[in-house]
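With these hints in hand, go ahead and build the complete structure from the sequences.
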Amino acid sequence: MQTVKKVGSIVISVVMWIIILVAALYAFTTLATKDDGSVSNLGGFTPMTVQSDSMSPTFDQGDLIVIKTCDTSKLQVGDIVTFHTIIDNQYALNTHRIESIDELNGIRSFTTKGDNNDVADTHIISDGDIVGQYVFKIPGMGKVMDFLSSTWGFLIVIVLPMLLFFIYQVYHLVIVGMNLKRAMAEEDRMARAAAIVDGEGSDAEAGSDVERAEAARADAEAKLAEARRLKAEAEAALAASGKAGDAAGGRDSKDDK
Numbered sequence: 001m002q003t004v005k006k007v008g009s010i011v012i013s014v015v016m017w018i019i020i021l022v023a024a025l026y027a028f029t030t031l032a033t034k035d036d037g038s039v040s041n042l043g044g045f046t047p048m049t050v051q052s053d054s055m056s057p058t059f060d061q062g063d064l065i066v067i068k069t070c071d072t073s074k075l076q077v078g079d080i081v082t083f084h085t086i087i088d089n090q091y092a093l094n095t096h097r098i099e100s101i102d103e104l105n106g107i108r109s110f111t112t113k114g115d116n117n118d119v120a121d122t123h124i125i126s127d128g129d130i131v132g133q134y135v136f137k138i139p140g141m142g143k144v145m146d147f148l149s150s151t152w153g154f155l156i157v158i159v160l161p162m163l164l165f166f167i168y169q170v171y172h173l174v175i176v177g178m179n180l181k182r183a184m185a186e187e188d189r190m191a192r193a194a195a196i197v198d199g200e201g202s203d204a205e206a207g208s209d210v211e212r213a214e215a216a217r218a219d220a221e222a223k224l225a226e227a228r229r230l231k232a233e234a235e236a237a238l239a240a241s242g243k244a245g246d247a248a249g250g251r252d253s254k255d256d257k
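For what it's worth, full-length UniProt numbering labels the leading residue of the sequence shown as 1, then goes sequentially.
Check before you lean on any hint, since a few could be wrong.
Restraint-style ranges between C-beta atoms, simulated for each label pair [claimed, not checked]: (1) T151 to I175: 32 to 38 Å; (2) E99 to M16: 19 to 25 Å; (3) Y91 to M16: 35 to 41 Å.
Calculated cross-link-like contacts (lysine-lysine; reagent style PhoX-like; alpha-carbon spacing at most 25 Å) [to be verified]: (4) K137 to K74; (5) K143 to K181; (6) K181 to K6; (7) K143 to K113; (8) K143 to K68; (9) K137 to K68; (10) K68 to K113.
The hints are simulated quantities; they were obtained by calculation from the structure and are not laboratory data. A virtual CB, placed ideally from N, CA and C, is assigned to each residue, including glycine.
See below:
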């Protein structure tokens, strides 16, 4: 039973850590793009969800990609970068491969193209538009992040498990408190029982001492009685011896006459 409880506790802890890590990744991914257009990063790394198949098969819609801040002066043709651009007349982030690099008066410009696109991107980008360089992908994880960004997804995957975990912790705390109270009561009961046993032992020892004292007293009285008897016999013997002496003296006087 204890083994089952221990395994169950380990499983619950592992599941909760996974949920916490996913929640942290979700929060960071959701907040990666700020209102001012800049991108957050942790140690230089930023996770982003892929919203189209323009870079398939390198990565597909629904994947999660991780980009890293980079030195744009070291970028080469063939590198995959994430950059600010305009898509459907709106500012957005896009991740495509560098197809060509041009330089004019010391200023570099980059032409990008999706691996799955037939033509290059319309907008030419500069060093200042580049956010970071593609590092790796986690297939399908972007779909998870998109689901978590929905109300139901957040409630089901994040809020509900954490609520259940909180309830479990409260239940566990109550059980621990009850077990502790029961253990303290049992310890108190055992202490009282030990005190009673010690008291009975003391009474037994006291009774044994009284018995020994009474036996010693009886023995002393017996010895005293014996001594008195011997004294009486000695006195009687002396008295008898004195009378015999007086009788012998009387006979001697008669013989002399």
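Practice prompt. Compare the distance between the alpha carbons of K68 and K113 with 25 Å, and conclude whether the hinted pair is satisfied.
Written response: 19 Å, holds
Fill in: Cβ separation of T151 and I175, checked against the hinted range 32 to 38 Å
Holds, at about 34 Å.
Worksheet item: Between K137 and K68, does the CA-CA distance stay at or below 25 Å?
Response: Distance ~12 Å between K137 and K68 Cα, so the pair holds.
Item to complete: Could you tell me whether the CB distance from E99 to M16 stays inside 19 to 25 Å?
Response: 46 Å, violated
Worksheet item: Does K6 lie within 25 Å of K181 when you go C-alpha to C-alpha?
Response: 22 Å, holds
Worksheet item: Between K143 and K113, is the straight-line Cα distance small enough, at 25 Å or below?
Response: With a Cα-Cα distance of about 24 Å, the restraint between K143 and K113 holds, given a limit of 25 Å.
Worksheet item: Is it true that the CA of K137 sits at most 25 Å from the CA of K74?
Response: 22 Å, holds
Discussion item. Next pair to validate is K143 with K181; report whether the Cα-Cα distance is within 25 Å.
Written reply: Measuring from Cα to Cα gives roughly 49 Å; hence the hint is violated.
Worksheet item: Is it true that the C-beta distance of Y91 to M16 lies inside 35 to 41 Å, as the hint says?
Response: About 38 Å separates the Cβ atoms of Y91 and M16, which means 35 to 41 Å holds.
Discussion item. Does K68 sit within 25 Å of K143, going by the straight-line distance between their CA atoms?
Written reply: Within the cut-off at roughly 21 Å; holds.
Checked against the numbered hints above, the structure violates hints 2, 5; every other hint is satisfied.
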